[in-house]
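S.K.: Sequence:
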Amino acid sequence: MSQIQDYAKEVQAWVTEMTGFLEKNRLTEQHVLEQLNRLSQLSYQLQKDDATKEEMTKVEKEVTLAFREINDLMNRNTRSRIDQSVPIGKHTLPPLPYPYNALEPAISEEIMRLHHDKHHQSYVDGLNKAELMMKRARETNDYSLLKHWEREAAFHGSGHYLHTLFWEGMSPKGGGQPKGALLKQIEKDFSNFASFKKQFSEAAKQVEGVGWALLVWVPRTRRLEVLQSERHMNLTQWDTIPILVLDVWEHAYYLQYKNNRAAYVDQWWNIVNWPQTENRFMEAKKLVWKPY
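Numbering (numbering that gives the first Met the number 0), first residue to last: 0 to 291.
Because the hints were derived from the structure by calculation, they are not lab data.
Note that the Cβ used here is the ideal one computed from N, Cα and C, for glycine as well.
Zero decoy hints are in this set.
Once the Cα atoms are required to be at most 27 Å apart in a straight line, the calculated DSSO-like pairs of lysine-lysine come out as:
(1) 187 <-> 204
(2) 172 <-> 57
(3) 285 <-> 178
(4) 8 <-> 172
(5) 117 <-> 89
(6) 172 <-> 204
(7) 257 <-> 172
(8) 23 <-> 60
(9) 23 <-> 8
(10) 197 <-> 178
(11) 47 <-> 8
(12) 8 <-> 57
(13) 183 <-> 172
(14) 204 <-> 183
(15) 284 <-> 178
(16) 117 <-> 128
(17) 284 <-> 187
The calculated label-pair distances, taken between Cβ atoms and stated as ranges, are:
(18) 25 <-> 229: 33 to 39 Å
(19) 120 <-> 220: 33 to 39 Å
(20) 240 <-> 146: 24 to 30 Å
(21) 238 <-> 209: 20 to 26 Å
Sequences and hints are given; from them, build the entire structure.
M.R.: Following this line, the structure appears as structure tokens:
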């Protein structure tokens, strides 16, 4: 099979995955679906033995256009939800901003499916249940199990919010290093980007048991800091704003990397979504506390 035909099959698989993803998350603007259908037809034609490089170039351009349209659609959907509040017990699993296989080879499709659809969903379900049970306690004036449900809310709520940041902080077109204001702040607070990257990597590799590494903005000091968190909420700092997080629970990497957490951490840098991280940093900087 030729290189052109191999590429055509990859495109066909991506279109199928992307169409299913959009339909699952009810992101079904007609012109986007029509563009994916057109791309599917072009990639099918490209699988023929007499396909040319010129036809392959045409398909590559269509893929780029489709990716931009899908990204714009998802951004519009996100903006439309920003001002909405979440009723008690009504948290939902956020859609991945890319197909399950988009982060390969850094993170496998199998891991992404299990991690997002099963593990993250369990945190959403646990948070909803905890919120509803605390609501019932208020309604019945029975607080005998409050300590249990507060702990459940802390664990599952932190898991839900951190995983939401985790998905947003990665991209199939990620990697490299940040630019602009975020890079300047990193250089100010860590001397240089290499020093920051080393500290963040070591924090992730040295989390005891399961947990997270986090780059946070501290409004009180007006500085960036690298923190760890065990589980989702233990041994970290309050009054900080996470802007980039890395999950080092075993379910995030074990199927692919076995017990080699260090290799997983090193590969993760190739998919970091720096533009999204900088956007979050710029928003975080707007919060100003009196320094102490």
